[in-house]
Amino acid sequence: MSAPAAAPARGDRALGEALFPYVLRLADTSLVLGQRLGEWIGHAPALEEDLGLANLALDLIGQARLLLTYAGEIEGRGRDEDALAYLRDAPEFRNLALAEQPNGDFAHTIVRQWLIDGWQLEVYEGLTGSADMRLAAIAAKALKETRYHYRFSSGWLLRLGDGTAESQARAQQALDSLWRFTEELFAPDEIDERMAEAGIAPRLGAAAGRWERRIGQELRTATLTLPERRPHPWYGKCGVHTEHLGHLLGEMQHLQRTYPGVSW
Amino acid sequence: MSDPLPDPSAADWPLFEVFIRSRSGLEHKHVGSLHAADARMAIEHARDVYTRRQEGVSIWVVRSADIVASDPGEAEALFEPARDKVYRHPTFYAIPDEVKNL
Chain S
2 MSAPAAAPAR GDRALGEALF PYVLRLADTS LVLGQRLGEW IGHAPALEED
52 LGLANLALDL IGQARLLLTY AGEIEGRGRD EDALAYLRDA PEFRNLALAE
102 QPNGDFAHTI VRQWLIDGWQ LEVYEGLTGS ADMRLAAIAA KALKETRYHY
152 RFSSGWLLRL GDGTAESQAR AQQALDSLWR FTEELFAPDE IDERMAEAGI
202 APRLGAAAGR WERRIGQELR TATLTLPERR PHPWYGKCGV HTEHLGHLLG
252 EMQHLQRTYP GVSW
Chain P
149 MSDPLPDPSA ADWPLFEVFI RSRSGLEHKH VGSLHAADAR MAIEHARDVY
199 TRRQEGVSIW VVRSADIVAS DPGEAEALFE PARDKVYRHP TFYAIPDEVK
249 NL
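Here the protein sequences line up with chains S and P, keeping their order.
For this note's numbering, count along the first sequence from 1 and bump the result up by 1.
For this note's numbering, count along the second sequence from 1 and bump the result up by 148.
No lab work stands behind these hints: they were computed from the structure.
Virtual Cβ for every residue (Gly too), placed ideally from N, Cα, C.
Any given hint could be a false lead.
[Claimed, not checked] Here are the simulated SDA-like cross-link-like pairs (lysine to any residue), alpha carbons at most 20 Å apart as the crow flies: (1) S:LYS145 - P:ARG200; (2) S:LYS142 - P:ARG195; (3) S:LYS145 - P:ARG188; (4) S:LYS142 - P:VAL205; (5) S:LYS145 - S:GLY127; (6) S:LYS145 - P:HIS176; (7) S:LYS145 - P:VAL205; (8) S:LYS145 - S:LEU122; (9) P:LYS177 - P:GLN202; (10) P:LYS177 - P:ASP160; (11) S:LYS145 - P:LYS177; (12) S:LYS145 - P:ARG195; (13) S:LYS145 - P:VAL197; (14) S:LYS142 - P:ASP219; (15) S:LYS142 - P:ARG188; (16) S:LYS145 - P:GLU203; (17) S:LYS145 - P:SER206; (18) S:LYS145 - S:ILE192; (19) S:LYS145 - P:GLN202; (20) S:LYS142 - P:ARG200; (21) S:LYS145 - P:ARG201; (22) S:LYS145 - P:SER181; (23) S:LYS145 - P:GLY204; (24) S:LYS142 - P:GLN202; (25) S:LYS145 - P:TYR198; (26) P:LYS177 - P:ARG201.
[Claimed, not checked] Just so you have them, the derived chain P footprint on chain S, three or more residues with Cβ under 8 Å: (27) 88-95; (28) 174-182.
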């Protein structure tokens, strides 16, 4: 398909150079999280949850496809969604490090989902007003999906946290273990700043306050404790990943790497 | 060792019956059943299990245990007496041409 809607960034080369990695951040976070959720298929605690997690995964992969296609057009080197998904190595991925963390137990998966859903809510909401019409349209579609994801994950967070002693302990353990990866969610770097200045992306600083208030309130209801903030060395959105991403990509990319261009 | 696991049959989520309205103006129809811990979760599960292909615009769920059903053993007494009363069917009336939508 051709690309009728050119980004306003086109023509401004420097801005385009920042837009490409910015769109990759959104795309890769959805792609990697969707791949992780797919690992649950056939293993979820109940058949109904199996389908529920698969639905989330499909929504996320759908978002990734739209965003990767757009990223490829911005880059202008002829890479399509498949080339970007299957033929990049881990350091070229720009997903949040949180998204690549292993599934762990069900509580771990739910807490990871809930943290990222809250981030996506803020980002997609902001992007619906983007000066980049293509991103605004993708965000409007993704926002509807994300609202359901958040309903799903926050519902489960409450059930697990305010559930049995066992489920509460597991949810708290998951939160304690994953919290260190949340620093980069709302910490703007140069790319985020440039996107915000151009009116393309929302300001992360303002979104951070809303996100913190919301998760604080929900954690209290779920009788869980917010861990202390501590800096961490992983910045997935800058291409600095934990070792888990390589293994995930190994599985995800294996077929295309072994049989380039294969389809069925 | 940790505590023994609870009896899995006792830990099972209750069964809910699911009714979907396929589009506005139509009635809700029974589509199946599923397990959920409570009504909210039952709605979410119904959404995930039964509306993946745009089957509906509205969902009802009800606990299966709350449905009162007729006894199959009483089918004769309940339904047989209607068999020879064909005059109850509205087929003995001449419908005027002016009447639409009857």
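Hint-by-hint comparison with the structure:
1. S:LYS145 - P:ARG200: Roughly 15 Å separates the two Cα atoms, so the pair holds.
2. S:LYS142 - P:ARG195: Holds: S:LYS142 and P:ARG195 sit about 18 Å apart, inside 20 Å.
3. S:LYS145 - P:ARG188: Holds: S:LYS145 and P:ARG188 sit about 19 Å apart, inside 20 Å.
4. S:LYS142 - P:VAL205: Judged against 20 Å, a Cα distance of about 18 Å means the pair holds.
5. S:LYS145 - S:GLY127: Between S:LYS145 and S:GLY127 the Cα gap is close to 13 Å, so the pair holds against 20 Å.
6. S:LYS145 - P:HIS176: Not satisfied, since the Cα-Cα distance of roughly 24 Å exceeds 20 Å.
7. S:LYS145 - P:VAL205: 15 Å, holds
8. S:LYS145 - S:LEU122: 9 Å, holds
9. P:LYS177 - P:GLN202: 15 Å, holds
10. P:LYS177 - P:ASP160: 26 Å, violated
11. S:LYS145 - P:LYS177: Roughly 26 Å separates the two Cα atoms, so the pair is violated.
12. S:LYS145 - P:ARG195: Cα-Cα ~14 Å, so holds.
13. S:LYS145 - P:VAL197: 18 Å, holds
14. S:LYS142 - P:ASP219: Measuring from Cα to Cα gives roughly 49 Å; hence the hint is violated.
15. S:LYS142 - P:ARG188: 24 Å, violated
16. S:LYS145 - P:GLU203: Status holds; Cα separation ~18 Å.
17. S:LYS145 - P:SER206: 17 Å, holds
18. S:LYS145 - S:ILE192: The given pair, whose Cα atoms are some 26 Å apart, is violated under the 20 Å limit.
19. S:LYS145 - P:GLN202: 15 Å, holds
20. S:LYS142 - P:ARG200: Given pair S:LYS142, P:ARG200 holds - Cα atoms ~16 Å apart, limit 20 Å.
21. S:LYS145 - P:ARG201: Cα-Cα ~16 Å, so holds.
22. S:LYS145 - P:SER181: 26 Å, violated
23. S:LYS145 - P:GLY204: The hint holds at about 17 Å.
24. S:LYS142 - P:GLN202: 16 Å, holds
25. S:LYS145 - P:TYR198: Between S:LYS145 and P:TYR198 the Cα gap is close to 19 Å, so the pair holds against 20 Å.
26. P:LYS177 - P:ARG201: Roughly 16 Å separates the two Cα atoms, so the pair holds.
27. 88-95: Three-residue rule not met by the region 88-95 of chain S, so violated; n is 0.
28. 174-182: With 0 residues in contact (Cβ-Cβ under 8 Å with chain P), the coverage given for the region 174-182 of chain S is violated.
The structure fails hints 6, 10, 11, 14, 15, 18, 22, 27, 28 (numbered hints given earlier, in ascending order).
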